[in-house]
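Chains R and U, in that order, give the protein sequences. Mapping the first sequence onto my numbering, position 121 (from 1) lands on 350, and the numbers just tick up by one. Mapping the second sequence onto my numbering, position 256 (from 1) lands on 279, and the numbers just tick up by one.
Hints are supplied without guarantee of correctness; some may be wrong.
[Stated by the list, open to error] Listed next, the stretches of chain R that the computed footprint assigns to chain U, with coverage defined by at least 3 CB atoms under 8 angstroms from CB atoms of chain U:
id : segment
1  : 263-272
2  : 352-366
[As the list claims (entries may be wrong)] List time: in silico DSS-like cross-link candidates among lysine-lysine, alpha-carbon distance up to 25 angstroms:
id : chain 1 : residue 1 : chain 2 : residue 2
3  : U       : Lys203    : U       : Lys228
4  : U       : Lys269    : U       : Lys240
5  : U       : Lys264    : U       : Lys233
6  : R       : Lys320    : R       : Lys282
7  : U       : Lys140    : U       : Lys225
8  : U       : Lys31     : R       : Lys284
9  : U       : Lys170    : U       : Lys258
10 : R       : Lys282    : U       : Lys264
11 : R       : Lys283    : U       : Lys31
12 : U       : Lys243    : U       : Lys269
13 : R       : Lys282    : R       : Lys388
14 : R       : Lys320    : U       : Lys269
To be clear, the hints were calculated from the coordinates, so they are not data collected in a lab. These numbers come from a predicted model, not from an experiment. Ideal placement from N, C-alpha and C gives every residue a C-beta, glycine not left out.
Each chain is listed here by its residues.
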Amino acid sequence: MKKFLLPLLFLFLLIFESIFVQYLPDGILGKDRILVPHFLFVALLFLTIFVGKKKGVIYAAIFGLLFDVIYVEIIGIYLFLYPFISYLVSKIMHIMQANFIIAFLVSLFAVALLEVGVYEMDYLIHVTNLDFMSFLTLRFYPTVVLNAAFIILAGYPLKRLFENHLESLRDE
Amino acid sequence: MPQFFLNKRLIILLVSIIVLVALIGFSLREREKLTWPEQFIKDTAGWVQSLVSKPTNYVAGFFENLQDLTNTYEENKELKSRIENLVSLEAEVQELKKDNKELRDILGEKETLRDLKPLPATVIGRNPDRWHEMIIIDKGNLQGVKKNMAVVTASGLIGKVKSVTQFSSTVQLLSAMDPKNRISAIVQGTTDVYGLVEGYDKEKKLLMVKAIPSSAKIEKGQTVITSGLGGIFPKGLMIGKVVEVKPDQYGLNQTALVKPGADFYDIKSVMVTKRLMAEPDQNDLTGGKEEGS
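I would like the entire structure built from these sequences, with the hints used as guidance.
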């Protein structure tokens with residue numbers, strides 16, 4: 230059962246993101262803002278930070294691919310950005326202590342990086358023609374705020390979960 | 024310099040960027056069909072999503088009902104005032120329908136561009152990243168959904184089917200930016216004016232209907248419907264109402280900004296419409312040899 234815990238958690242978050250967007254009341258934070266949940270990515274980052282680089286990057290690649298196939302239908306965007314940013318985060322964590330505050334700040338930074346990265350890629354392949362300033366006000370700030378709220382709410386349970394997971398790995 | 028190439032990480036990064044570009048190029052192509060691994064993953068995910076979405080639909084519906092209760096009184100008042108008009112309108116519609124049928128019988132025309140067969144479907148997912156505006160519905164190939172079919176809600180057109188798997192399909196919304204996505208439309212007035220729905224203004228949340236001749240007179244509040252001339256969509260699906268008209272870049276055409284009838288952010292159940300009239304053969308439209316050559 231323990232073996233399936235992580236994949237099940239990530240699968241749940243993958244589906245939960247879509248449900249979240251579908252049922253999100255339109256009026257929250259003003260009518261003209263777009264909130265993008267990156268809950269799955271936050272969980273993947275916490276996995277990278279608290280369990281290990283290798284596992285984090287592999288899971289990030291697998292779920293990036295799933296995300297691309299199921300939701301985006303352009304394979305490559307998240308398949309590349311998820312593992313790449315996870316790897317960067319693991320590099321940053323080399324010089325930092327793995328406590329909750331640091332994890333919060335680093336993963337918020339990573340979410341911001343992801344959002345900008347996806348914007349740049351989509352701009353490149355003409356999925357969007359939004360200019361950068363309206364991208365910032367329309368999507369970027371609300372998204373960062375939403376994900377910060379998510380990390381504050383779910384970060385601590387996630388941290389505990391991954392630390393327990395790491396310990397059970399050690400015991401084996 | 025040799026060290027530079029021996030750096031393992033750099034090589035991995037370079038290789039993965041090449042693979043990335045290849046993959047994006049592959050999936051950006053206009054594809055007839057998804058590859059089978061993609062179909063398999065989407066079907067599996069669709070199954071899980073439909074399992075989850077039913078109870079959530081139920082719960083969300085309950086809360087919505089509660090919300091509705093709070094402004095029942097106001098709504099009731101307004102609806103009552105409308106219902107009086109409705110009765111006379113209904114009688115008129117009946118009359119016109121009968122007339123239309125008789126005239127059609129005289130002409131001997133059985134099918135029109137208007138005839139369609141609706142297939143109800145439930146929304147089971149939505150793309151969370153919201154760049155690619157897409158929703159996933161629970162009807163697929165087995166139920167007769169085909170690529171490029173028009174998808175509507177009760178209040179208007181919302182998009183077209185982008186890809187189909189066995190049990191689910193993906194709908195691209197009108198609000199997605201896709202230069203290949205053009206829909207032939209009619210602005211209804213004393214004379215019908217034709218245009219193309221092309222693009223969406225994200226900040227204003229308005230659709231853009233382009234290529235309207237500059238001589239045509241278009242006013243605020245006119246209704247825009249599909250024309251059925253594109254080959255796949257049926258005629259007469261509601262798109263929206265004109266809000267603003269402006270000349271285009273070179274002044275040769277006009278662009279009408281249209282407020283969509285359907286809300287793209289609150290979609291629960293949709294209808295996939297199948298046009299009954301035969302589609303024109305693609306070869307007749309595009310390919311084929313020029314005459315006389």
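Status of the hints after comparison with the structure:
Residues of the segment 263-272 of chain R with a Cβ under 8 angstroms from some Cβ of chain U number 3, which satisfies the need for three, so the listed coverage holds. Here's how the segment 352-366 of chain R fares: 7 of its residues keep a CB closer than 8 angstroms to some CB of chain U, so the rule of at least three is met and the hint holds. For the proposed pair Lys203/U and Lys228/U, the alpha carbon gap of about 20 angstroms is at most 25 angstroms, so the pair holds. As the CA atoms of Lys269/U and Lys240/U are separated by approximately 11 angstroms, the hinted pair is consistent with the 25 angstroms bound.
Taking the CA atoms of Lys264/U and Lys233/U, the gap is about 14 angstroms. The hint holds against a cut of 25 angstroms. Between Lys320/R and Lys282/R, the direct Cα distance comes to roughly 9 angstroms. Compliance with the 25 angstroms bound is thereby established for this hinted pair. Restraint check: the Cα-Cα separation between Lys140/U and Lys225/U comes to about 32 angstroms, which exceeds 25 angstroms; the hinted pair is violated. A C-alpha spacing of about 19 angstroms is found between Lys31/U and Lys284/R, which places the hinted pair at or below 25 angstroms, so the restraint holds.
Distance hint between Lys170/U and Lys258/U is fulfilled; the C-alpha atoms sit about 18 angstroms from each other, no more than 25 angstroms. Restraint check for Lys282/R and Lys264/U: the C-alpha separation of about 53 angstroms exceeds 25 angstroms, so the hint is violated. Of the pairs offered as hints, the one joining Lys283/R and Lys31/U holds, with about 16 angstroms between alpha carbons and a cut-off of 25 angstroms not exceeded. Simply put, Lys243/U and Lys269/U have alpha-carbon atoms about 11 angstroms apart, close enough for the 25 angstroms limit, and the pair holds.
A threshold of 25 angstroms between alpha carbons decides the hint, and for Lys282/R with Lys388/R the separation of about 15 angstroms falls inside it, so the pair holds. Note on Lys320/R and Lys269/U: the hinted pairing is violated, with a Cα-Cα distance of about 53 angstroms set against a maximum of 25 angstroms.
Hint compliance for this structure: hints 7, 10 and 14 are not met, and every other hint is.
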